[in-house]
Each structure stands twice: as C-alpha cells, then as structure tokens.
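Peer 1: So the protein lines, in turn, are chains A and B. If you use my numbering, the first sequence corresponds to residues 409 to 1215, in order. If you use my numbering, the second sequence corresponds to residues 409 to 1215, in order.
Derived by calculation from the structure, the hints in this document are not laboratory data. Among the hints, a few may not be true.
Unchecked claim - Result set (DSS-like, lysine-lysine): computed pairs, CA atoms no more than 25 angstroms apart in a straight line:
id : chain 1 : residue 1 : chain 2 : residue 2
1  : B       : 1099      : A       : 1099
2  : A       : 729       : B       : 951
3  : A       : 951       : B       : 729
4  : B       : 729       : A       : 1099
5  : B       : 951       : A       : 1170
6  : B       : 951       : A       : 1186
7  : B       : 1170      : A       : 729
8  : B       : 784       : B       : 809
9  : A       : 1099      : B       : 809
10 : B       : 1099      : A       : 1170
11 : B       : 809       : A       : 730
12 : B       : 729       : A       : 1170
13 : A       : 728       : B       : 1170
Note that the structure is a prediction, hence the values are computed from the model and not measured.
Protein chains: 2
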Amino acid sequence: MDITNRSPNCVYNFLRVCFGGFISSGASRIPQDGENCYGASDVSLQSPTAGDCSLQQSWDITYQEAAIYLQEGENNDKFFTHPKNAKALAAYLFVHNHLFYLMELMTSLLLLLLSLCEAPAVPTLHLDIYVHATLELFALVVVVFELAMKMRWLGCHTFIRHKRTLGKTFVLLVQFIEAIVVLVRQTSHVRVTRALRPIFLVDCHYSRAVRRNLRQIFQSLPPFIDILLLLLFFMVIFAILGFYLFSPNPADPYFNTLENSLVSLFVLVTTANYPDVMMPSYSRNPWSCIFFIVYLSIELYFIMNLLLAVVFDTFNDIEKKKFKSLLLHKRTAIQHTYRLLASKQRPSGIPYRHFEGLMRFYKPRMSAKERYLTFKALNQSNTQLLRLKDFYSFYEVVGLKWKARRSREYWFDELPHTAFLIFKGINILVKSRTFQYCIYLVVSVNGIWILVDTFMLKGGSIISQNVPWSYIVFLTIYGVEVLLKITGLGPLEYFTSGWNLFDFSVTVFAFLGLMALAFNMKPFYFIVVLRPLQLLRLFKLKKRYRNVLDTMFELLPRMASLGLTLLIFYYSFSIIGMEFFSGVLFPNCCNTSTVAESYRWRNVTIGNTTIVEEGYYYLNNFDNIFNSFVTLFELTVVNNWYIIMEGVTSQTSHWARLYFMIFYIVTMVVLTIIVAFILDAFVFHMNYSRKNQDAEDEKGITLEKEILKEELLMILELCRRDCNTFEIAELRKMISHLDSNGQTSVHLVGRRSRTKSDLSMKMYQEEIQEWYEEHSQKQAEQHMEELLPSRKLCQRLGLRPRSQTIN
Amino acid sequence: MDITNRSPNCVYNFLRVCFGGFISSGASRIPQDGENCYGASDVSLQSPTAGDCSLQQSWDITYQEAAIYLQEGENNDKFFTHPKNAKALAAYLFVHNHLFYLMELMTSLLLLLLSLCEAPAVPTLHLDIYVHATLELFALVVVVFELAMKMRWLGCHTFIRHKRTLGKTFVLLVQFIEAIVVLVRQTSHVRVTRALRPIFLVDCHYSRAVRRNLRQIFQSLPPFIDILLLLLFFMVIFAILGFYLFSPNPADPYFNTLENSLVSLFVLVTTANYPDVMMPSYSRNPWSCIFFIVYLSIELYFIMNLLLAVVFDTFNDIEKKKFKSLLLHKRTAIQHTYRLLASKQRPSGIPYRHFEGLMRFYKPRMSAKERYLTFKALNQSNTQLLRLKDFYSFYEVVGLKWKARRSREYWFDELPHTAFLIFKGINILVKSRTFQYCIYLVVSVNGIWILVDTFMLKGGSIISQNVPWSYIVFLTIYGVEVLLKITGLGPLEYFTSGWNLFDFSVTVFAFLGLMALAFNMKPFYFIVVLRPLQLLRLFKLKKRYRNVLDTMFELLPRMASLGLTLLIFYYSFSIIGMEFFSGVLFPNCCNTSTVAESYRWRNVTIGNTTIVEEGYYYLNNFDNIFNSFVTLFELTVVNNWYIIMEGVTSQTSHWARLYFMIFYIVTMVVLTIIVAFILDAFVFHMNYSRKNQDAEDEKGITLEKEILKEELLMILELCRRDCNTFEIAELRKMISHLDSNGQTSVHLVGRRSRTKSDLSMKMYQEEIQEWYEEHSQKQAEQHMEELLPSRKLCQRLGLRPRSQTIN
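Required output: the full structure, derived from the provided sequences and hints.
Peer 2: Set out below in structure tokens:
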C-alpha cells in the first residue's frame, strides 16, 4: 500500500494524469524514457521501442510492475485490472494514493452528512436549499472526477464488467439529476434515492472491511432466505389456525382478521407482544396457551436457532474459502513478481540487487538495513539468490519491524550501583505477586466503598461540593502504584503493556476528576462518575478473563466494521423513514390505534385525583436523522417495537408495516452475522490455543537475524547510491558502535502482531498443502496463457525474456 | 440391556433377592450350583469349591459375566460396580430389569404428580391431606425398597461413593420425615423441599438422556459463570453511573435509588423494559440515549454473545470428550469380555460355541440365525476363531437387524402379466417427476385457496355448516394420490418413507375432518383447522429443506430430552413459586407498584365516556402447578417478565426479585445449551455431509452376508439343544426353500439406522486411532492390576485361568 505514498511526485502525477501528455515529463521516479518503454507502443507489439531504454531504466520499470503485482496480491485486486500501458500505469499510481483515498472518503462523508441539513433537518443544522444542493452538486462532481480517473486505469471494458462501479455510476447519475431538479425547483421532492448514498462510502478504499462484510452478508443470504421462508410459512399456517381459533372471541383484538393475526404472529416471533397477545384467549380458555407455546417453541426456539446455525455454518465455510482464495491470490502475485525478477542468467532465484530494487518501489519508506534484513529473513537457503520457495513467505516477513536486540535487562542497568540497587528493589517489588494482590485488594475495597457510598446516598445532592477523603486516599495509592511501576519497569516497558496503559489512563482520569471537584468545574463532573471503571482492573486476576479480553481486542476492528455496516443500513432506512414518516408522530397522535396509551399525554381522573399520564413514545419518531437513528436502534433491540410500528401505521397506511418488518428482517440478518462472527472468532481462538498450548504466551510473530559487520558495510556501499543522509548516518553509527565494542555482528529482532491469517495458516496447515498442490496443477494447465502478458510486455520492451522456471 | 429381560425367572429373582437364601434355588438360568461357584466362597480364596461345578455350568457363569461386561460397556456403567459375588449378581440382575425400571419411573412420576393434588392444588384434582400424604409415603417406601436393592448390588462402600445416590438418599430422608409430619399435623407446612423431588425422576434408568444433559449443563457452568460475572460487573458499574446521571431527574422512576438502578439494568439486559427505561431521561436530554446504547451494545450484543460462544465452545469440547470416553469404555468392556472367553487352548480367539453362549445371555431374544450372522459379520478373517481385533466392532454389528435380501424388485412381481403391467404403469407414474410436480401444484393451489378463503371470511361464522365443495375436491385428489402411491409402490415401501407417512396421516386427518363436518360433530372441528398443514408437503421440493427437516428429526429425541430437562427446572421453580407466591396476584392487586396498570380491572372516565380497562396480568400467577408452568414459560420468553416480577414484589418483599432473577439466569443457561446443541448438531451434520458428498444418500448402516446351506444345517444342529420350536421351524423352512430353488446359499442384509456415534466415528477417524494407541499404552501400565479380578474369580472357581493375550 505504501508504494504510492513515497514519491513527492503525486501532485505531478495528478497533473499529468489529468491533463494527459501536455506536461513534459520531468525528473520523476517513473523515468521519462521508461514511460515510453512501459507501453507507449501498446498497439504495435511487433515494433519494440526498446532501443531507447537504458538497462537501469528498464529494470526500474520491471521493479515498478513487480511491486504493483505484490500490491495487487496484498489488496486482493484482480490481475486483469493490472495496468497494461503507461497511461493505465499513471492512472493506477494516481488512484492508489492516500491523498486520492482521502478525497474519496471526504466526498462520500460529505454526501452522507448532507442529510443532517436537508429537510427534515436537525434543528440546529438546518441549511437553505440552495446551499445544500450546491454542496451536493460539488460533491457529485468530485465523484465524477474520481470515476473518470478509475476508468482511465481500468479501461472501458473492465469498467463495465465491474458491478459495483456500474451501480455507483447509475446512482451518481440519478443523484445528479435529482440535485439539479431540487436546485431548479427550490424545493425538495420525495428523495428516497438518497438512501443509496452509502454506496459512495462503501466504494472507498478504506471501506474494504465494510465491503467484505456486505459480501459476506449477501453470500449468507440464500440459505438465510430459505430458512426465513420456513419461518414465514409456519407463521402463515399458525395465522390461519389462530384466526379460526380465536376470532370468535370479541375481546381479542389480536386475531380478529387474518391480517391482524399475521401481524400479531410476526410480532410474536420477536416476542415483543408476548404475554399480552395470549391473555384475552387465555382468560377465556386456559388450554389456548398451548397454541402459543407450540408456536413459540417451533418459531422462536427452533427455527430462529436454525437460522443462526445455517448462517454460522455458511459463515464458517465462507471464511475458509475466502482465506483460501486470498492465500492463493497472494501466491500467484508472488509468482508473477518472481517471474519478472528472476533473470535469465540466474534462473534459480532473485539476486539481492533486484530484490532491493523491488523493495524500493514496494515499500519506499523502508530503510536499506530493513530491506537487507527482509532479504536475509526470506533467504532460508543462505545462498546469493532468493528462490521462489523462499519468496513465497514474502507477505509474512515483510510486515516485521526490525529492532536491535536489547542487551540490557533493565533500563537502569547503566546507573551507579546505589541507584541500581534501589531501582532493582523497586523492580522486584512491583513484579512480586504480593504487590499485585495488594493492589487488587485496594481496588476491591475501593469498589465496595463506592458501592456502599452510592447506596447510602439515596437521592439528595449527588456530588458533594467538598472532596471526600476516601477519594483522595485511594487516588494517592493508585498514584504511588503508577509511579513505582514506571520507575521499576522503566517507562518503555511500562507503556508497552495494554493493561498498564489502562491503569495509567484510569488513574489520570481519576486525578482529573479530583481536580474538577477541587476547583468546582461542573462540566467535568462526569469524570468523577467514571470512578467505578477502576474495578475493571480486577479482571486481570483470572486467566479466562484475560483470554476473553484479549480476544475482544483482537475482534474490535472487525466488530467496528460490522457496526459500520449496520450504520449504513441504518442510514438508508433513516432516509426512507424520514421521507415517509417525518412529522407523523406527536403526543396524542395515535388515538385510533391499539397502542394509543403509549402516545398519550393526558389528564386522567380516577375518583377525585387527577394524574398526568405521559406516554413517551411520540419521542421515537423520524423527524430528523438523529431521531431516526435512535428509533431504529430501538427497533433493533426489538422490545416494544410494535408500539412504534402500530403508531406509525395508524397515522399513515397499512403498508407502513412493510417498512418495519423489512427493517426487522434486515437487522436480524446483520445481527445474526455478528453473532456468527463472534462465535466463529471465539471458537477459532479457543481451538487454536487448545492446539498450541505450549506457545500460549507468545503474543506476536518474532524472528531473529544476525548481521555481520561486513554485511553492514556492503549495505552502506549499496546505500550510497540512493539513500538519504539520515539513513547513511544511522548505518555509520551502527558500524562504529560495533567497532567500539569489539563485536563482529549485531542481532536484530523482527516483530509484528499476530493476525487472523497467521492463526488460520497454523490451523489449516495440512489443508493448505493440498490447496497449493491443487493450485499448481491448475496453474500448470494455464501456464502458457498466464505467461503471455509478461512475455508480451517483454517483447514490447525488447528486453531479454526472463526466466520462467518455477520450482 | 436385554440381558435381564429374557428370563421368566425375574419374579423368582425378586423373591430370592428380597428374602435372601430362604428359598431353595429352583431351575433358574443361573444354575443352582453355579450360584455357589460365582462367589459363595468369596472370603476363602484359597479353598476353591470348583469341585462342585460341572464344566457347562461354569461356562454359563462366564457367559453371564461376559454379557454383564458388555452391558456395562453399553450403559457406560463403571467397572468397579461390576457384581463381584452371587448376591451382588442376583441383585444386579434384579435391578437391571425393565420391570424394575418401570417401577422406578412410576414411583418418581407419582411423586411428581402429587403436586397436582397437594395444596395449592389444581381445582379439579384436589385431594384430602391424608390421601395425598399416604400416597406420598407409599411412593417413598417403594423408593426405599429400590435403594435397598441397589445397595445390595453395589455394596456399602461404592454406594457411599456415588454422589447422586447419596443425594437421593438424603432427599428421601427429608421427604419421609416431612410426609410423616404432614400426616400427623394434618396440615401442610412450607414444603420447599418438594422442589427436590425431580431427583427421583433423574435417577431413573430411562432418564439417561436427562442425566447427560444435566451433566453437560453443570460442566458448562464454570465458564458460563465467569462470563456471567463479567456481565454483572458491567451491570454494577453502569448502575452506579446511571444512578449518578439520572437520579436528579424526578420524573425518572427507573434510577431513583441504586437498587432500582440495578434492577432496571438487569431487566434491560433482557431488553424487556427497553425504550421505556430510556424515555424519561431521553425526553430531558437527547444525549442520554448514548448511555443506553453503549450499555446494550456491551451487555446484550457483546457479552451475551460471548456467553453463547463460551458455552458453545465448552459444549463442543465436552461432546468430543464424552464420545472419546464412551468409545474407550466400550473398548475396555470388549477387552474384558474377550479375556473371559478366549480359552487357554485357543488363545488367539473366541470359538463360535463361546460366542453363541455369550449372546444367549447378552441378547436372549436374538435368534440362532442372527447369532451366527453376527459372528460371521464380526469375523473378518474368516477363521474358526474370532480375534480381539475383529471383536472390537461388536457394538456396531450387534445392532443390525438381519433380513433376507429381497430378490423381488416390485411387490407385484409375482402377479399375472396383465396385473403386472397395470401396476408397473402405476409404479412408473407415481415415481415420475411430472406426477410429483402436479401434486405440488395441487397443494400450492390448495394453500392459496385456503388463504384467500380465510381472508374473505372476515369474522362471522367461522366454520360453515355445509361442507365447502373445494374441500371435497382437494381431498379427493389427495385420496387418489395416496391410493395410487400405495398400489404403485406397495404398502411396505410406501410406509417406510417418513414423508409418505406424513402425507398419509395428513390426508387421513383431512378425511376425518370432512366426516366431522358432514356429521356435524362439533368437538372434532379442530381437525378442519389443521388443513393448512398440507402445505408442509411443499418442503420436499428443495434439498436444503429436506436436509433441515432430516436434521430436525434426528435432533428430536435429544431436543425432547432437553425440553424435559427444562421441565424439571420448571417443576422445582413452580414448587418454590407456589409455596411463596400462591394467591398473591389478583385483579387490582398491585396498586402500589409501577406496573399497577397491567393488573388493573377498573372503570376509567375520560371526559364523558367510561371504559373498562382490563390488565390481564393477574392471570400469570402461581396459584397451582399449571398456572405456575404457564407463568414460568412467560418468564422464559422474557418479554414483559418484569411486570410479573414487579407485581409479585409489590405484594411480597424485595427479595422476591431474587427468585425471578435466578430463574432468568437458569433458563438462560438451559436455553444457551439448547442453542449450542442445535448449532453443534447442525454444523456437525453439514460438515459431515460436506466431507462425505458421495455417500450422501445412504440413510443407514447396511452389511450383506452370505450363508451357505451347510452353515444353516450347523446352526440347526446347535439349535436343537436350546432353541424354541418356532425358531427351529423357521430354520427348517429356510433350508427347504433353498432345496426347492436349488440354491446353495442365502444372502442376508443387516441394517440399522445411523447414530451420532457412527457419524462421530467417521468424523474423528484419524484422532480415534491416536486415542486407541494412547489408551492401550495406559492399559499396558495397568495391565496386571486389571487382570487381577478375573484371575481371582477363576481361582475362586478353581477353573483353568483363561488366556489373557491381547493382540
């Protein structure tokens, strides 16, 4: 991903790509002559223009192409979108750029946020129609520009084949027309199509996780729908049955027509109306409860769980297939790269020179030392050449962060003896179990204190004006603990542990709360309220909690992306809800419905007393996007959702129920996926840790390599050509450090955090081997066709065709 | 299991066991002298009394013991409860007997059903105190008798070590004392201990599945409780937070004290009070919704799912471990049996003579032919002797039902030509796709017809007095279809398919409904209402539904046992509920509580109109065991459960909430286990069918064996000694049939349905091998000790020690 970020010439690229060939190529990394080489003559395959290219420049292009292959492997971009000529290459580099990505993100966010200001707007954010319509037009123009850029890279043919982009184009067109219409008429019509706006966000580079979730949701849909049909089918059967059984009872409003019967049973699946729906018939005949018990047992306890099971199973299967295809895609990318770089003279591998060239394009921010270390880490056979077999582990090794192995045990090793002894004592103290358990004890006492304190409060002034002494005592203990730990372990070690970071921040917060109390700063009182969070520290105590919390943190990114996916659905439903239902709910609005009670605001007289009865449900409306989101969250939680549904239905039409039912089903899908995901991730982690009980503590992937002084000198030599001065200075410092200590080599440790992919690699170890064999068999069949593009390129470039051996 | 059922002397055994040695031993299967052999001299190891035993009798004892080993292997009884002397053996045979099992079941059911009649009784079933107390005492005496019998078998030492039996004894004692107290005082005190009665049911032989579920629930508890603590912990933190944030709002009844805050948040985890609990604060400050959204996201959407994940993971693990231990237990049982039967002269295997003797005791109902076939099926090496390696698959083979292979293709093969052609035509017709789809079409039309018909009804008289013609038309079509299928496929083939059975019964029901309509029999009108069930036939159409329904049917027994387990919990909670809360709920009972509305039955005046407002919740009470069960089901469904809780709390004390909260947690555990079970079973099945895509259609385990005429003659020869005349006649018929057809052999097919164990065997194929190796290593260490008991026995019996070789 970093490939495109390196060059200072992205602005140049921008201009060049935008304005075609009008600017003459300056001193850009993509060599000015190289540009001609890459594909100026992409029509005339028979007339290579290679005569113009110097060798180094042609190699640079090869590195560039190889780096693009690696990037495609990483991003799971299909190889048929591989840029095939200079124009496409320039567009590719322009589009794959953090600036461009950010622009994409900003435009889509702007488009989404517009609904805050469009009528029905959030009161404080209301904008005039011509302002927000102009903003929208501007954003849409930017999107058009982005699309045009992508088309330049992909070419028309691929562009049309790509469904998502095609959909985006269509939505763009509709939005454009509508925005203009709004601007012309100076009034907003029913713009339900705004519900499609999230497609721009989904299409962003950064929304990869959301796209993946959506894909997974869509792939889980077919089995889901099958079981849903089963569910609906039983619902219909029971609705007919219920209608026959209960409609003779005039006191039963739930089954008096077939439609009501169906709606009641739909709501019953969500349990939202449970005992109530049964009560009229139950009070008439106790045996009628059997109908409801059987219905709930079948629908809620069996079919709903089956739904989860089916989705979970599909999810599992998809995850594995996805992992497999990603793995094989990366492998193919590595093969493509290898084929480009392994030279004819040395067909058995890639020499360091080429590897270094590749890395300069693939990861421009990487230092020369790290490049060499990566090469060395890959090169298991310790020969001059990197073989394909070793090169396959490229993606695992390239992410490592290299650091010199720490020779010191403690941070205070080099202090004078007395200080050393003191710090050593503190170190032993803070690492001792007694110390830890003392702290746990203090936290527990603190927790009980807070609980009792709060319990004694019973209303009255909640936060007293003077600072309670217990607060100061406990805070002092925590402060001392933090100080001791920092001095004992050294700041570096202290802050690398997530738990310590948590302790630290909680203590700092508590301190800020104390300040707020002491100086009577009302707006910061909420910090005082966070005191109970201290108690979370107790969860370090038990291993299972540590496991669970670790898993939780590993799940967080994915959870966040799932939450975002849910929000996207919320957004679409909010827009639709606002267009149709905004303003329909208000106090005493729904007097004709069965749920009138919940919307009532009235004075009731019972005997002689008058009571104000406030049904708050009119607050759950679609009057602006914030309210809609809260309402939709309430619908997601499902409880009492039918009150909102019936309220809206009584104010609009029967068809409004469809909106709510469809929303229920959609959130059910997403939530089921979330459950399946948590289940899958957790079970996977547990299985993994059961399989690898020895290596349990290992938190990340580490690799140790030794570099000899001679190798450092060689790197320095190579580096002189194109490294910056800082890097050279660092290398020199390292060599002189070696000299002064009389050592001949330096040990470096590469470290990175463990990803799901690493875990999967270990879990499916045996199967992976099978996949590889299967894959290479398939490739052997396609071999000739696959080789063609790079051969064509070579022919075009007039370069010697490089080796295509694969071992 | 059948071993004990065979002998007509179980009554004799009963008397003999009950009255010790008072009756002189008659002509029982356990030979009168053999009884002495088995262990009369169990003290005097040095003085064998074998001189008294004839060889055949001593072998019979060996067969008996071997059969008991096999039975223990099957029932997962531990080997240390293996009967060690004649008294224990007699008690063992007495206790392992379907009559005894039934007695156990009946007593425990009687005890459970007593609560229908004890105050507070179901109105129509009320019994006087001395009647039900006497019944209870009677049942308890029977239980004492059963326990005494078990003690005779197990011996005092083992008896005390067995926790469940010990618990049962304790409960028995308490119940006894209480029943006597009730009888003496002639009034019932607060008998909460009745909640322990289900232990008698759980201890029944037939409740094995329930015991297994309970064990699984208890094993899943530790991780469950850990996560539950996490949940409660966050609840406490948020309760304190909520109290600080919302208690200044006087309109907010949910957070005005810390206790209310805690209860509100507990109920919120179940979502039962969701939008309501938020509304007062939300109407004051819209941002307060964040508190609730964060709380629900953490508790409901994360931790609750984590709970499921942890239970699912534990469940998975336990299932596998259970399967492993059962498998190894069976293997050990087979080894024990083999050791007893492999003779010294022929240490390499069991001759048929001994195998036959064993089977006579293990499965007395098995015919001589089946015994021989089982031997032949086991004997892979086709030698005279059955080797241990082959003997290991004993349990898989012994369940097969053997039938002569059908030589006929159709049932009408032997009819005259014309008839054959007609039936053949029908056969082809009913098997054709066109026919099937026509039927599906008819069913769909019927479904739409019913739907439209019901929709047009709109109240009025629901079931018209005259039979609608559409009903007759569709029923005729279904009738013709059933007849065609039966004639085309033959009744035997027709009724072996579950789907056909379903079709048949639905059609018969519809016909009965028609009769009911035609002859105007009101009580049977409900059958008419079942018409929509016809639509279920449509689910044959799609493969996934067939899969799902097949899985469902395979799950049913286990689901039923899980349901029963839930009912046992219901029972205990009902008793407690009835003891404390019976009679506290009635119309207008809870006017002081926040949920008074739901219990109200009053006339309200709004302006000039008077409305009767009926809150039905007073019906959800604990006034008798039926009502309690319905109330508990409503609590299980969770929605609005807090209305019942608050109602009861307002009438009793704050501590009543504990009952409801504990019940919620218990049902949560059981329901989570149910979900985990469905998930596990379903995913297992899917994985299995994915792994074995070829053998997908195979519905059961089949095995084919050929028996030569000579072998049949040999069986007949052996049989003359102790087979009944019917069996001999059958064998003769078979031989003569062979003679008349001029065949020299007959083919027989053994068939049984596939069990979960078979699937597991296939799934864990590789691991099983590892387990076996591990197991035999462990055994090799314990070898000498394990051999001791049987050696001792031999020494006692004065018989030649039999071979102990294991290959």
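Peer 1: Hint by hint, note whether the structure agrees.
Peer 2: Hints and how they fare:
1. 1099/B with 1099/A: Holds - the C-alpha atoms of residue 1099/A and residue 1099/B are around 22 angstroms apart, at most 25 angstroms.
2. 729/A with 951/B: 22 angstroms, holds
3. 951/A with 729/B: 22 angstroms, holds
4. 729/B with 1099/A: 15 angstroms, holds
5. 951/B with 1170/A: 35 angstroms, violated
6. 951/B with 1186/A: The given pair, whose Cα atoms are some 31 angstroms apart, is violated under the 25 angstroms limit.
7. 1170/B with 729/A: 23 angstroms, holds
8. 784/B with 809/B: 14 angstroms, holds
9. 1099/A with 809/B: Judged against 25 angstroms, a Cα distance of about 41 angstroms means the pair is violated.
10. 1099/B with 1170/A: 21 angstroms, holds
11. 809/B with 730/A: At roughly 45 angstroms apart (the allowed maximum being 25 angstroms), residue 730/A and residue 809/B break the hint.
12. 729/B with 1170/A: Satisfied, since the Cα-Cα distance of roughly 23 angstroms is no more than 25 angstroms.
13. 728/A with 1170/B: 22 angstroms, holds
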